[in-house]
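Asks: Protein sequences appear in the order of chains D and G.
Be aware that the first sequence starts at 182, since it is given in our numbering, and climbs by one per residue.
Be aware that the second sequence starts at 883, since it is given in our numbering, and climbs by one per residue.
The hints are simulated quantities; they were obtained by calculation from the structure and are not laboratory data.
Note that the structure is a prediction, hence the values are computed from the model and not measured.
A hint or two may mislead.
[To be verified] In silico EDC-like links for lysine to aspartate or glutamate, alpha-carbon gap of 20 Å or less:
#, chain 1, residue 1, chain 2, residue 2
1, G, 930, G, 988
2, D, 207, G, 910
3, D, 360, G, 1235
4, G, 1234, D, 415
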Amino acid sequence: MLKVKAPAIAKKYKAGQFVILRVHDKGERIPLTIADANEKEGTITLISQEVGRTTKALGQLRKGDQIPDLVGPLGKPSEVGHFGHVVVIGGGVGTAVAYPEARALRKAGNRLVSIIGARSKDLLILEDEMRKISDELHITTDDGSKGHHGFVTDVLRQLIEKQTRIDRVVAIGPAIMMKAVANLTRPHRIKTTVSLNPIMVDGTGMCGACRVSVAGQTKFACVDGPSFDGHEVDFDLLMARLRIYMEQEKIAMQSSTIGTGGAGETYGS
Amino acid sequence: MAAKPSEKLLKRVPIRKKPPELRKRSFDEVSLGYNEQEAMAEASRCLKCPSPFCVKGCPVQIEIPAFIECIKKGDFSGAITKLKEKNSLPGICGRVCPQELQCEAECVFGRKGDPIAIGALERFAADYELKKGVTLPEKSKSTGKTVAVVGSGPAGLTAAGELAKLGHDVAIFEGLHLPGGVLVYGIPEFRLPKLIVKAEVEYVSRLGAEVKTNVIIGRTLTIDDLFESGYDAVFIGTGAGSPWFMRIPGENLNGIYSANEFLTRCNLMKAYAFPEYDTPIHAGKRVVVIGGGNAAMDAARTALRLGGDEVTIVYRRSREEMPARAEEVKNAEEEGIQLELLSNPVQYLGSKDGWVERVECLRMDLGPPDESGRRRPIPVKGSEYQTPIDLAVVAIGQGPNPLIAQTTSGLKVGEDERIITDQFGKSSRDRIWAAGDIASSEGTVIHAMGNAKKTALAIHNFLIM
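Kindly generate the complete structure, drawing on both the sequences and the hints.
Replies: Given below as structure tokens:
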């Protein structure tokens, strides 16, 4: 977790938006969602998982270090309204993105049930923060080290089966998780929004790296999203496109020049 | 038998280039330009026409015979001073302008022989100054007025340079981490070395324009924020940065890039030097590039340099209609790039795991001219054929980025999302001007510069009123 001084971004930030950053002159531009912003302090909070060279380098930053290139806030803010009963689901580092949205939804007067999941308990993040803002919090781990032994969708399924009132679901996490959530809510016609995490370069609609298919139309996640109707997203395409640089990612991680950069890494995968 | 002097005069001094075999796997600059002797010899061909047509062909009206006369006399500093009176970016223009359609198209020599190599001479003078050290022109007294220039591509740099010279305080806002716009993300190193762009951007900032990178107008700040923070006028030169796709089946398969992404990864992010640089790129062996413009040539030649074995440009019209600079089509062909003319993709076919494997194209015939004045391609029924590929680059053009239009109330845009302006670049909103590809569809560096210059003068007139 990093708190970064970026007054202009902090001032404009709304839940769901992201930044693009670069850690050094030979670095890659990667998107990271803004987890929090403090306009008074002029700071934003970024949370990332060390999966590539850039996120590794971010992990090595010390207090007072500089991030040479940081730009934002990018993307459209997520839709925050009074929907009634809302379930917010955060998977892995996706919880960092889900948290500010959950908080905004709660503030807007919704009843909030949160489900956060991770591979194991050490990878759970923002548990206390989520508990504080939720009317109900469920935890799941793939290995059973904390909370429900299984997936976030297990809990969601139970909620649906118990006929809990759910007016809207917000799911943010790995593509496979968002796909599973969307498949689960579709037959029940529960409106489900997801936040997509494709590979990006500029983040301003200039390159089309982040194109996704939504309701059969090609959209650029950086300017048309990153938030979309989960029932309309082609997740298989998203997952395929997230694998474009898998080979290069291995090369990048092996050629360990001073730990920086990454190949198309994203927050949730 | 030696040619008669008059005949010899009709031939231009050849511009040295790296031979195709040496250059096709290298990102170093292809054209080597003139040395002093060559430049002086070429300059001495100029007839100094009393009412020169070449100047009329130049969108920024450089006094071409005057700068060429300086070169002829060996006064290279005089030449660059003359050039910079009208053009702050001569090293760039000398390299990327389509001279054969502009100044050189008008040269009287062109009627019987080779027109004077105006572009190569411009480049020579610019490179001479770069080696020797750049001198700054005299600046007008400060007017105390401030202008925000949005975008640091050809239009923004030109407007900023002109306005700074006229004594206004100028700040340039750039969304990316480096200034230069299409000059850094789009045009490859082998055609326009980034050192040249850097030097000419530095020149503009030394004229007094401060460059602020990593600020996206429309997101980090809005146009209204700029006015609130005290700017007296805003110039929008954000170009055409939104890539078009053909919207055909399979276009989102892995291994299919927009030209913008492919070129940005390579030029701005230096993916050709991966893993020394962190940004990866997918380099193919059998490559198709769709389109007939400069971006298509650039993408094809980049793919070749990344290790492509068979690189083919697929274009739906014929060679005559290709919008690319003639020199670059020639360079591409010399390097072994194939042109597949009168053909258009209809779909891409891919593997189970989502990678492109084949492209299906349809042959075209040319019908009567369409609204662009070029002959319209008409599909030939039943002529579909498939080609195995592992990389495709879609280079069919781009439109304006809508971010600013979406976040600025009262700013009128046309159906093509370009900002609507009068002939002096003035938009529908008070104190906002726009030029370059955000306002017109001419699409070349020099047209953007020509319009930006005219617009800068309009802004100046408004500010000193």
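Asks: Against this structure, judge whether each hint is valid.
Replies: Quick rundown of the hints versus the structure:
Distance restraint check for residue 930/G and residue 988/G: the Cα-Cα separation of roughly 13 Å lies within the 20 Å cut-off, and the hinted pair is therefore satisfied. Of the pairs offered as hints, the one joining residue 207/D and residue 910/G holds, with about 19 Å between alpha carbons and a cut-off of 20 Å not exceeded. Between residue 360/D and residue 1235/G the CA atoms are separated by roughly 17 Å; this keeps the pair inside 20 Å, and the hint holds. The suggested pairing of residue 1234/G with residue 415/D holds, with an alpha-carbon distance near 15 Å, which does not exceed 20 Å.
Violated hints for the displayed structure: none, as all numbered hints are satisfied.
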